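Peer 1: So the chains spell out like this:
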Amino acid sequence: RKEVEQDPGPFNVPEGATVAFNCTYSNSASQSFFWYRQDCRKEPKLLMSVYSSGNEDGRFTAQLNRASQYISLLIRDSKLSDSATYLCVVNMGEDYKLSFGAGTTVTVRA
Amino acid sequence: ETGVTQTPRHLVMGMTNKKSLKCEQHLGHNAMYWYKQSAKKPLELMFVYSLEERVENNSVPSRFSPECPNSSHLFLHLHTLQPEDSALYLCASSHIGQGDVGYTFGSGTRLTVV
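The listed protein sequences correspond, in order, to chains A and B. With the first sequence counted from 1, adding 626 to any position gets you the working numbering. With the second sequence counted from 1, adding 78 to any position gets you the working numbering.
So here's chain A without its partners, still in its complex pose (with noise of 0.2 Å):
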C-alpha cells in the first residue's frame, strides 16, 4: 500500500462550484497533515495546514478523519486561479520526514 493515495483526477468544474477530493494515508502514527497546491512546471507551496478539529482558510475547508486515516480538501466558490495540483502530505512519525501524494489535478473552468 502506497503510503499517501489520491485520486489524480482531473476534477474539471465550473467557475463558483464546489469540489472536494480526498487522500487516504497508511501511517496511523502520523501527526501532521498538509495540503499543498502546485502549479504547472512550478514548485510545491503550502496551502494550509490540517488539524483534527477541521479547519477554513477563506474558501478551502481542511478535514481530517483519523479513524478512517484521510484528509479531504474543499474548495468552495472555485476560481480559475485555483486551477492547479493539489499535494496531499503526511508526516509518517518522524520530524522532518514527509511523504508526498502524486497529486490531484483541478481544472476550473469559465
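I should point out that these hints are in silico values taken from the structure, not numbers from a laboratory. These figures come from a predicted structure and were not determined experimentally. All C-beta atoms, glycine included, are put in the ideal place defined by N, C-alpha and C.
Label pairs and their computed distance ranges (CB to CB):
#1 A:A646 - B:S98: 37 to 45 Å
#2 A:S707 - B:H151: 31 to 39 Å
#3 B:E131 - A:K628: 26 to 34 Å
#4 A:E682 - B:G175: 26 to 34 Å
Far from chain A by the CB rule (all over 10 Å, computed), these chain B residues:
#5 K100
#6 S137
#7 F142
#8 S143
#9 S149
#10 H155
#11 H157
Keeping the supplied structure of chain A fixed, place chain B upon it in accordance with the hints.
Peer 2: Okay, now just chain B, sitting in the frame of chain A:
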C-alpha cells in the same frame, strides 16, 4: 533575498558531464532536503540534512552526491547520470522541532540528461 533559492533553473547535461545543483535558504531553518519529481509521480525524498548532518539517504544511486557545508547551503553533485534521471529536482527547508513542520520549496532545477 528571501525563501529558498535554487540554481540553475534549467540544466541540460550529457551522461559523462559533472555538474552541481545549488540551494540556499534564508529562513533560518535547521533542515534541508533534496526531492526528485518525475512526471505524474509523487515527490521522492532523496536526502535530508538536519543541523548539517545527513540523516536520510533514500537508496539514492551514488551518481548523486549531496553536500551540506552549513545550515543555509545545500548542493547536489551530479556525475555520469542516466537519461532516466531527467526530472525536476526540488530543494526544501524546514524548522524541525517547532510543531507543524511544513516545508518551503525552492523553484527547482529542471534537469535533462541527454
